[in-house]
Every structure is written in C-alpha cells, then in structure tokens.
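A.B. asks: Go ahead and model the full structure; you've got the sequences and the hints to work with.
Residues in the sequence shown are numbered consecutively from 1, following the working numbering.
Take every hint as true, because none was put in to throw you off.
The list that follows gives simulated cross-link-like pairs (lysine to aspartate or glutamate, DMTMM-like), each with its CA atoms no further than 20 angstroms apart:
id, residue 1, residue 2
1, Lys164, Asp32
2, Lys227, Glu30
3, Lys7, Glu69
Read the hints as simulated data drawn from the structure, not as lab findings. Predicted, not measured: the structure shown is a model, and the values here were computed from it.
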Amino acid sequence: MLLKIEKVFKSYGSENVGNLRKVLQGVSLEVDQNETISILGPSGSGKSTLLNIIGTLDTPDSGGIYFNEKALTSLSEGQRTQFRNREIGFIFQLHHLLPQCTVLENVLIPVLPVKDKQYRKESQHRALDLIKEVGLWEQRNVRPDVLSGGECQRVAVIRALINKPRLLLADEPTGSLDRENALSVTSLLLNLNREFRTALIVVTHSSEIASMMNKSYEIKNGLLKVKQETL
1 MLLKIEKVFK
11 SYGSENVGNL
21 RKVLQGVSLE
31 VDQNETISIL
41 GPSGSGKSTL
51 LNIIGTLDTP
61 DSGGIYFNEK
71 ALTSLSEGQR
81 TQFRNREIGF
91 IFQLHHLLPQ
101 CTVLENVLIP
111 VLPVKDKQYR
121 KESQHRALDL
131 IKEVGLWEQR
141 NVRPDVLSGG
151 ECQRVAVIRA
161 LINKPRLLLA
171 DEPTGSLDRE
181 NALSVTSLLL
191 NLNREFRTAL
201 IVVTHSSEIA
211 SMMNKSYEIK
221 NGLLKVKQET
231 L
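C.D. replies: Structural data, given as structure tokens:
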C-alpha cells in the first residue's frame with residue numbers, strides 16, 4: 001500500500017467566535033501503487049483540502065497519514081518540502097507555467113533545487129523524452145503564450161512527473177478546458193499512470209472523468225464514501 005489515511009479531521013475558523021467550519025470529519029482512504037482514484041463533491045466539500053493534506057501543503061487537526069508506511073504528520077517542515085519535491089507531483093486547474101520560460105524550462109523547474117549534477121543531466125533527457133511523448137516536441141523551445149490551453153496543461157502534467165513521483169495529485173486538472181481537451185488530458189494522465197506506475201488521485205466535478213478511474217469517491221458531510229469501482 002502506497003498511501004493510507006486514517007480518520008482525518010480538519011476544521012477552519014473558531015467555535016469561540018462562531019465561524020467554525022468542519023470540513024473533514026473522519027476521512028479514511030487507502031491507495032495502492034499504480035491505482036487511479038477520483039474524488040467528487042460540491043464546491044466547499046473538502047476535496048481540495050484533502051488533496052492539500054495528502055500533499056503536506058496543509059496539516060490535519062487529527063488523524064494519521066502514512067506514505068509507504070511512514071507517518072507524514074511527524075515530518076519537519078524541511079522534511080515535508082523534500083518529500084513533496086521527490087514523492088508528489090501536483091497538477092492544478094490553472095497550469096501555472098512561468099511565462100518567461102520555454103516549455104522545456106518549465107518542465108525542469110522542479111529539478112532546480114537538486115544539486116546532484118548527474119540527476120540534473122538525467123532529468124534533462126527525461127524532460128525531452130516526455131515532451132516528445134505528449135506531442136510537444138516542436139514547441140519545446142517556445143513560451144506558453146503561443147500554446148493552447150490543452151497544450152499548457154500537458155506541459156503541467158509532465159512537469160509534475162519530472163522527478164518521478166510515486167503519487168500524482170490533480171486538483172480539477174481539466175476544469176478550465178473544453179470537453180475534447182479535458183478528455184485528452186485525462187487520457188494522457190491515465191497513459192502515464194500505466195507507463196510509470198504512478199498512483200493518481202484526481203479531484204473533479206466531472207462524472208465522466210471520474211468514471212475513467214479505477215475507483216470513484218464522493219465527499220459528503222465531511223466523509224469520504226465509495227461512489228463506484230471500475231476495477
């Protein structure tokens with residue numbers, strides 16, 4: 001098992017001032033290597049909060065989060081930063097590409113903190129291979145302003161994979177795309193999942209995209225429940 005979440009609670013605000021909002025109320029989840037999971041739910045239900053907690057961008061009020069049997073809640077801030085950079089890939093609704101950088105340079109941004117010269121050299125080759133694989137070879141040296149929305153999101157996908165993470169977290173990765181591009185990006189994610197055996201958790205509003213994953217969950221009233229399994 002790659003990821004295990006046990007009875008995670010998360011609230012915002014304060015009961016003393018009357019603005020307490022209970023977002024997650026005992027969420028549990030298990031994710032195996034190479035598994036694909038979707039999480040559905042209305043806006044404000046806690047989908048993104050759960051993703052941020054899994055990715056150590058946020059911390060739970062209580063509960064356990066274990067990655068490869070290691071408790072993430074026990075990590076220091078520096079250890080969480082290192083963990084995120086090496087083990088987790090993030091994709092968001094907006095691609096967040098740097099406008100002054102080329103496609104290749106954007107893909108290599110997560111490698112910048114790495115001091116190992118051999119690793120950086122290998123990452124350069126990996127980036128070029130990934131760019132070619134997603135059909136952006138001719139655009140590798142251009143800047144994002146000449147790319148379509150779907151092309152920009154493809155760059156964001158391979159940027160998230162450049163450090164060979166074992167878990168990919170995608171928060172509404174197709175939310176800003178039309179249906180054709182949304183299905184294309186989702187197919188890319190699934191193809192890369194099969195090729196690199198990277199577990200995938202996708203937060204989405206789309207039932208169509210959710211149904212393409214191995215398992216689909218729904219957050220309701222602060223709890224995570226299985227919606228469907230397509231294994």
